[in-house]
Structures are given as C-alpha cells and as structure tokens.
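Novice: Following the numbering used here, the numbering of the sequence shown begins with 587 at its first residue and continues without gaps.
One should not assume that every hint holds.
Claimed, not checked - Label pairs and their computed distance ranges (CB to CB):
| # | residue 1 | residue 2 | range |
| --- | --- | --- | --- |
| 1 | G647 | A623 | 27 to 37 Å |
| 2 | S644 | I670 | 17 to 27 Å |
| 3 | N648 | K595 | 12 to 22 Å |
Stated by the list, open to error - With a Cα cut of at most 25 Å, we get these calculated SDA-like pairs of lysine to any residue:
| # | residue 1 | residue 2 |
| --- | --- | --- |
| 4 | K669 | N610 |
| 5 | K595 | I621 |
| 6 | K598 | L619 |
| 7 | K595 | S608 |
| 8 | K661 | S644 |
| 9 | K595 | I655 |
| 10 | K598 | I641 |
| 11 | K669 | V652 |
| 12 | K598 | S608 |
| 13 | K672 | P624 |
| 14 | K595 | R650 |
| 15 | K669 | V656 |
| 16 | K672 | N648 |
| 17 | K661 | W616 |
| 18 | K672 | Q607 |
| 19 | K598 | E633 |
| 20 | K598 | F671 |
| 21 | K595 | S644 |
| 22 | K672 | G647 |
| 23 | K598 | V628 |
| 24 | K661 | F599 |
| 25 | K595 | G649 |
| 26 | K669 | W616 |
| 27 | K672 | S605 |
| 28 | K669 | E634 |
| 29 | K661 | R650 |
| 30 | K598 | N665 |
| 31 | K595 | L659 |
Think of the hints as simulated: they come from the structure by calculation, not from any bench. For glycine and all other residues, C-beta sits at the position ideal for the given N, C-alpha and C.
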Amino acid sequence: MTTINRGAKMRKFLVENLSDQSVNLGIEPWADLEILAPGGRVVFEYEEHEEPAGIEFSIMGNGRVVVGIVSDLIKITGNNGEKIFKC
Numbered sequence: 587m588t589t590i591n592r593g594a595k596m597r598k599f600l601v602e603n604l605s606d607q608s609v610n611l612g613i614e615p616w617a618d619l620e621i622l623a624p625g626g627r628v629v630f631e632y633e634e635h636e637e638p639a640g641i642e643f644s645i646m647g648n649g650r651v652v653v654g655i656v657s658d659l660i661k662i663t664g665n666n667g668e669k670i671f672k673c
C-alpha cells in the first residue's frame, strides 16, 4: 500500500464546481471519475518533493472536465473519499 508522509509539507490545488449543474471530473492517467455536484470540490495534494511535472485541464463539454497529472504520487480527496495514486 502506498502512503503519503503525513508529517510532510503538502502542496495542493482545488477543482471546484461553481456551475448549477453536476460535472464529471475525469482524473488521468488513472481513469478515475468524480461526480462534482454544484458547489462540489476535489482537492489534489502532493508532497513538496513529489511536485507534478505537469498538470493539464481540459473542458470537454456536456458537463465533462478532465484533469491530467504527471506525478509519481498524488492524494485526491473528493466525494468518493481519499485516494492515493502512484505511477
């Protein structure tokens, strides 16, 4: 099981749905999906020494948004709880 060092300084970014409709948030390259209700949010966190090499956002239309993350290790907290992904 992969863990993130709880004592490490965490950097984060937030994706928040400010629209009045639900949005499907795809998280790549892990093929994960979060359904963001209006006002919903997903927090992405990574350890300072694991800073992503790149982060890409794509708005696909029809209520779909994709976040692509180039990182070895990242924690995602959203409607589906906390998940840790490792490449």
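Novice: Now tell me, hint by hint, if it's right for this structure.
Specialist: Hint check results:
With their beta carbons about 19 Å apart, G647 and A623 fall outside the hinted range of 27 to 37 Å. Here the CB-CB span from S644 to I670 is close to 23 Å, well matched to the stated 17 to 27 Å. Roughly 38 Å separates the CB atoms of N648 and K595, a value that falls outside the hinted 12 to 22 Å. Taken as a hint, the K669 and N610 pair is honoured in the structure, with Cα atoms around 17 Å apart against an allowance of 25 Å.
Only pairs whose Cα atoms come within 25 Å are accepted, and K595 paired with I621 is rejected, the gap being roughly 28 Å. For the hint pairing K598 with L619, the CA-to-CA distance comes to about 19 Å; that is within 25 Å, so the pair holds. Proposed proximity of K595 and S608 is contradicted: the alpha carbons are some 32 Å apart, above 25 Å. Between the alpha carbons of K661 and S644 the distance comes to roughly 20 Å, so the proposed pair stays at or under 25 Å and holds.
Of the pairs offered as hints, the one joining K595 and I655 holds, with about 19 Å between alpha carbons and a cut-off of 25 Å not exceeded. Between K598 and I641 the CA atoms are separated by roughly 12 Å; this keeps the pair inside 25 Å, and the hint holds. For the suggested pair K669 and V652, the alpha carbons sit about 17 Å apart, so the restraint of at most 25 Å is met. For the hint linking K598 to S608, the alpha-carbon distance of about 23 Å falls within 25 Å, and the restraint holds.
Restraint check for K672 and P624: the C-alpha separation of about 29 Å exceeds 25 Å, so the hint is violated. Among the hinted pairs, K595 with R650 is inconsistent with the structure: their alpha-carbon atoms are about 31 Å apart, more than 25 Å. A distance of roughly 16 Å separates the Cα atoms of K669 and V656; the hinted pair therefore holds under the 25 Å criterion. Restraint check: the Cα-Cα separation between K672 and N648 comes to about 29 Å, which exceeds 25 Å; the hinted pair is violated.
A C-alpha spacing of about 12 Å is found between K661 and W616, which places the hinted pair at or below 25 Å, so the restraint holds. Distance restraint check for K672 and Q607: the Cα-Cα separation of roughly 31 Å exceeds the 25 Å cut-off, and the hinted pair is therefore not satisfied. Annotation: proposed proximity of K598 to E633 holds, straight-line Cα distance about 9 Å (limit 25 Å). For the given pair, K598 sits about 15 Å from F671 by alpha-carbon distance, which is consistent with the 25 Å threshold.
At roughly 28 Å between alpha-carbon atoms, K595 and S644 are farther apart than 25 Å, so this suggested pair is violated. Distance check on the hinted pair: K672 and G647 sit about 28 Å apart at the alpha-carbon level, beyond 25 Å; violated. In summary, the hint linking K598 to V628 is supported, as the alpha carbons are separated by about 10 Å, within the 25 Å threshold. At most 25 Å may separate the alpha-carbon atoms for a hinted pair to count; K661 and F599 meet this at roughly 11 Å.
Proposed proximity of K595 and G649 is contradicted: the alpha carbons are some 33 Å apart, above 25 Å. Taking the CA atoms of K669 and W616, the gap is near 11 Å; set against the 25 Å cutoff, the hint holds. Using a Cα cut-off of 25 Å, the hinted pair K672 and S605 is violated, with the two alpha carbons roughly 31 Å apart. Of the pairs offered as hints, the one joining K669 and E634 holds, with about 18 Å between alpha carbons and a cut-off of 25 Å not exceeded.
Note on K661 and R650: the hinted pairing holds, with a Cα-Cα distance of about 21 Å set against a maximum of 25 Å. With a CA separation close to 17 Å, the supplied pair K598 and N665 stays within the 25 Å bound. A hinted pair counts as satisfied when its Cα atoms are at most 25 Å apart, and K595 with L659 qualifies at roughly 14 Å.
Consistency note: the structure conflicts with the earlier hints numbered 1, 3, 5, 7, 13, 14, 16, 18, 21, 22, 25 and 27.
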